[in-house]
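Trainee: Using the hints, position chain B against chain A.
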Amino acid sequence: MMLLQVQGVTKRFGGLQALTQVTFDLPEGQILGLIGPNGAGKTTLFNVIDGVYTPNEGRIIFRGKDVTGKKPYHLAKMGLARTHQIVRPLNELTVRENVMVGACFGHANAPLNNAGRIADEVMEFVGLSPKAEMLAGSLNVAQKKRLEMARALAARPKLLLLDEVLAGLNPSEIANMVEIVKAIRDERGITIIMIEHVMSAIMNVSDRILVLDFGKLIAEGTPEEIANNPKVIEAYLGDPKLAERLMSGE
Amino acid sequence: MKSLRQHTSLWLSLGVIVVMGAWPIITGNALSRETMFTVLRSVALASSLNILLGYTGYVSFGHVVFFGLGGYVGFYLIAVQGWSLWAALLAGGVAAGLLAYLVGAAILRLRGAYFALATIGINEAVRAFINNFDPFGGPTGMTLNFKIYKLYGGPGAALQLAFYVMIGLTLAVVLLSYWVRTSKFGLGLLAIREDEDAAEVMGVTAPAAKTWAFVLSAVIPGMIGAIFFFKNGTIEPGLAFPLHTSIEMIVMIMLGGQGTVLGPILGAAGYEALRDYLLVSPVFKNIQLAISGILLLIIVLFIPRGAVGWVRQRYAKVRRWLI
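Heads up: the protein sequence lines correspond to chains A and B, in order. Mapping the first sequence onto the working numbering, position 133 (from 1) lands on 133, and the numbers just tick up by one. Mapping the second sequence onto the working numbering, position 155 (from 1) lands on 155, and the numbers just tick up by one.
It should be emphasised that the hints constitute simulated quantities derived from the structure, not laboratory data. Hints should not be assumed to be uniformly reliable.
As the list claims (entries may be wrong) - Computed list of lysine-lysine pairs in BS3-like fashion (alpha-carbon distance at most 30 Å, straight line): (1) A/70 <-> B/184; (2) B/184 <-> A/158; (3) A/65 <-> B/184; (4) B/184 <-> B/317; (5) A/158 <-> A/77.
Bound conformation, chain A alone:
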C-alpha cells in the first residue's frame, strides 16, 4: 500500500522553476532520504507535499486521497507531520505546551488532558523531559530541533517529514538524533522522508534515496546505488572515492 504518491509535480515561483515533473511513490514503513545541492528544491517539495504551496501541475495522493491544494491543517489532521529546517518554536509557550499543540491538533486529535499525557511520553522519548516547563524560546538549537521532532511525533502521524534535523548539531548530538529517527520508524511504525546534508547519516538510515538537482529528480535507489551513480557524484557528491568511504561508514 502506497502511503504517498507524488505525480508529475511542478512548482514555479514567477520565472523560477523550483520543481519540474517530480514523481515518486513511498510505501508504508520506509525511510526515504532526499538529498541534493542547496536550492535543488528539497524544502519546496516538502512545502508542496504538506500543503504550504499548491503545485502548478501534478497531484499529491496521501493515504489514497488526492490532497492537492488542501491546506496544511487538513493534511496534519490526515496524518502528516513535519519539522522545519529553520526551527519554529512557539517561543512564549512552554516546551510541554508546544508539544501539546501537536497532540491536540494533529492526527492524534487528542483532548487537552490526553494531549498532556502524550506530550510527557514524547518528551521522554526525545529527551526533553527536564525542559518541560521551560519557555520554548529559551532552548538552544539542538533542543529546539528535538522540540520540532517532539511536536511532530505528538501528532501520532502516519508520515513524518524531517527537514535537516541534523544540521547544526555536533557529532554526538547527530548520533543521538540518528538513533531517534531509527526508533521512530522501528518502534512507532512511522514512515519518514528526510532531507539531509550529513551524508554518512542519511546513507546509514535510509531504505531508499531520491536525489534532486535544479528541481528535477536525477536519481532514485538504494544508498549503494546512489553513492555509485555517476550523475549524483557529478551533481552533488563531487568525489568518486567518497562513495566508498561513505559506505564503509567512515
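Mentor: Below, chain B alone, put in the same frame as chain A:
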C-alpha cells in the same frame, strides 16, 4: 488543594471583581457605584479584547465598534421597539457577534499592522453609517423616555439594576476568558499568536479559530454597550464609537499583561485608578490622554509583557498557575 491552586488565577480574578462590585452595594454610596460601574466596564472591555489581542495576537484598534453597535441596537430596541432590557441585551451581543463574524471573514486574513488598520476602518465606517442612518437618529442620536425606567422600578432602581448587570457581565467575561485560556481551543489561539504558519502545519485550523476568537471578543462588548447606554439614557455616534476608548483598552491590557486572565483585570483597574487621580489633579487634568500615551510607550519599551507577564517571566515557578 491542588485543583484549587490550579485555578488560582480564576479565583483571584473573580475575587477582585466581586470585591469591586460589592463595595458600593455594602456602603450604599451612589458615587462609588458610578466609579465602579466605569471600572467594571473597563475590566470587561479589556478582558474581551484580550481574547483577540492577548491570546490570538491580533491587535484591534477599533474594538469599540462592538460596544457602540451593541449599544445602538440595544438602545433602539428598548427606546423605539419597546423590547425588555434583557432581550435588548442579548440582541446587542448578537449584533456585535454577527458583525465580528462577517467582518472577521474578510479582514482576519490580514496580519500585523494591516489588520490593525482595517479595524480602525471598520469602526469609522460603522460610525459614518450610523451618522446617516435615520432610524437610529442620525448624528443627533436617540434619547430614552424616562417612563421606560418605571418598568424597572424608577430611575434610581434602574441605575442599581444596570450596576448589577455590569457585575454579571464582567464575571461572565472573566469566566469566558479563563475558559478560553485553559481550553484546547485557546491553546490553538496561543499557537496562532506565536507563529500562525507553524500552527497551521501542526493542524490548527487557523481561519476558523481566529474567527471564533474575534466573535467571542465582540459579543460581551456588545452587551456592555446595551447596558451602558440604557443607563446613560441617551446615545449618539460620538459617544458610541470613540476611537480613544479602543486605544485605552489596549493600554489597559498591555499594562496588566496581555495573554493572561488576570492581567487585563488588574490593568483596567490600575488604569482607571490612575485616570481618577489625573482627572482631579490640577496639573494633569487637561493632559490626561497624553499621559496614557506616554504610559503605553513606557510599557512597550520596558515591560512589553505587562505586570502579570513580567512576574511570569521572572518567576518560573508561578507560571503554571498564574495565568
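Trainee: The structure should be examined with respect to each hint, and the outcome stated for every one.
Mentor: Now for the hints, and whether the structure bears them out:
1. About 23 Å separates the Cα atoms of residue 70 of chain A and residue 184 of chain B, which keeps this hinted pair within 30 Å; it holds.
2. Taken as a hint, the residue 184 of chain B and residue 158 of chain A pair is honoured in the structure, with Cα atoms around 23 Å apart against an allowance of 30 Å.
3. Restraint check for residue 65 of chain A and residue 184 of chain B: the C-alpha separation of about 28 Å stays at or below 30 Å, so the hint holds.
4. Between residue 184 of chain B and residue 317 of chain B the alpha-carbon distance is near 23 Å, which keeps this suggested pair within the 30 Å criterion.
5. Distance hint between residue 158 of chain A and residue 77 of chain A is fulfilled; the C-alpha atoms sit about 10 Å from each other, no more than 30 Å.
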